[in-house]
Amino acid sequence: AQSVAQPEDQVNVAEGNPLTVKCTYSVSGNPYLFWYVQYPNRGLQFLLKYITGDNLVKGSYGFEAEFNKSQTSFHLKKPSALVSDSALYFCAVRDGGATNKLIFGTGTLLAVQP
Amino acid sequence: GAGVSQSPRYKVAKRGQDVALRCDPISGHVSLFWYQQALGQGPEFLTYFQNEAQLDKSGLPSDRFFAERPEGSVSTLKIQRTQQEDSAVYLCASSLGAGYDQPQHFGDGTRLSIL
Numbered sequence: 001a002q003s004v005a006q007p008e009d010q011v012n013v014a015e016g017n018p019l020t021v022k023c024t025y026s027v028s029g030n031p032y033l034f035w036y037v038q039y040p041n042r043g044l045q046f047l048l049k050y051i052t053g054d055n056l057v058k059g060s061y062g063f064e065a066e067f068n069k070s071q072t073s074f075h076l077k078k079p080s081a082l083v084s085d086s087a088l089y090f091c092a093v094r095d096g097g098a099t100n101k102l103i104f105g106t107g108t109l110l111a112v113q114p
Numbered sequence: 001g002a003g004v005s006q007s008p009r010y011k012v013a014k015r016g017q018d019v020a021l022r023c024d025p026i027s028g029h030v031s032l033f034w035y036q037q038a039l040g041q042g043p044e045f046l047t048y049f050q051n052e053a054q055l056d057k058s059g060l061p062s063d064r065f066f067a068e069r070p071e072g073s074v075s076t077l078k079i080q081r082t083q084q085e086d087s088a089v090y091l092c093a094s095s096l097g098a099g100y101d102q103p104q105h106f107g108d109g110t111r112l113s114i115l
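For the protein sequence lines, the chains are A and B, in the order given. Numbering-wise (my numbering), the first sequence opens with residue 1 and increments by one. Numbering-wise (my numbering), the second sequence opens with residue 1 and increments by one.
What the hints contain is simulated information worked out from the structure, not anything from laboratory work. Each residue gets a CB set at the ideal place from its N, CA and C atoms; glycine is no exception. There may be inaccurate statements among the hints.
Claimed, not checked - Computed beta-carbon distance windows for the label pairs: (1) 109/A <-> 85/B: 32 to 42 angstroms; (2) 14/A <-> 14/B: 25 to 35 angstroms; (3) 61/A <-> 101/B: 19 to 29 angstroms.
To be verified - DMTMM-like cross-link-like pairs, simulated, lysine to aspartate or glutamate; straight-line CA separation at most 20 angstroms: (4) 14/B <-> 24/B; (5) 11/B <-> 101/B; (6) 49/A <-> 15/A; (7) 22/A <-> 85/A; (8) 58/A <-> 9/A; (9) 49/A <-> 101/B; (10) 77/A <-> 66/A; (11) 69/A <-> 101/B; (12) 78/B <-> 101/B; (13) 49/A <-> 18/B; (14) 58/A <-> 101/B.
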């Protein structure tokens, strides 16, 4: 079965510093990976996806993610964090069946200090 | 509107009551998903529609949960004889096509509290 793991419940970073939010995956077949962000009392907003191609994927709001097949990882990164990036981040993998449902990790709370 | 719209945003019901949650997907989106998000957890899949056809309902927790999308646009998730464990945020998402690379666009959810 497909699954993702987010090993950190919370990541703290100072504004202006680079940030990394970790995600590892377990799939049978090709991995289709996604990152979403959730602000309080809001739904999930799509940030970026990896389907195939370049291992470095660029997304919305200056975020990018690095796909590493050998380490089965898909870490989210940003060169310079903003206070407004503080939110809950979810990694997800497409389920292997025909319906394209997503399997989500447990989420990582990113806190950016001014 | 341009995004996925869900109503009501908040719903409080007494245990044993029936509730109905509505989702208006982005116009023209073929695929529609329902997810359940418990407090402090990631969303978990409930059911999937492609147009009006319910192709996957494997995530529905019990036969008290029922979803429909009769005309291939608006969808309703109904929960009968609600229990306290049904308390959660219910998220609806839609995507343009049925392809595996289509990102899902989420509504803001309905927060259901069962007393």
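Hints, verified against the model:
{"no.": "1", "hint": "109/A <-> 85/B: 32 to 42 angstroms", "verdict": "24 angstroms, violated"}
{"no.": "2", "hint": "14/A <-> 14/B: 25 to 35 angstroms", "verdict": "47 angstroms, violated"}
{"no.": "3", "hint": "61/A <-> 101/B: 19 to 29 angstroms", "verdict": "21 angstroms, holds"}
{"no.": "4", "hint": "14/B <-> 24/B", "verdict": "26 angstroms, violated"}
{"no.": "5", "hint": "11/B <-> 101/B", "verdict": "33 angstroms, violated"}
{"no.": "6", "hint": "49/A <-> 15/A", "verdict": "25 angstroms, violated"}
{"no.": "7", "hint": "22/A <-> 85/A", "verdict": "16 angstroms, holds"}
{"no.": "8", "hint": "58/A <-> 9/A", "verdict": "24 angstroms, violated"}
{"no.": "9", "hint": "49/A <-> 101/B", "verdict": "8 angstroms, holds"}
{"no.": "10", "hint": "77/A <-> 66/A", "verdict": "8 angstroms, holds"}
{"no.": "11", "hint": "69/A <-> 101/B", "verdict": "18 angstroms, holds"}
{"no.": "12", "hint": "78/B <-> 101/B", "verdict": "29 angstroms, violated"}
{"no.": "13", "hint": "49/A <-> 18/B", "verdict": "38 angstroms, violated"}
{"no.": "14", "hint": "58/A <-> 101/B", "verdict": "15 angstroms, holds"}
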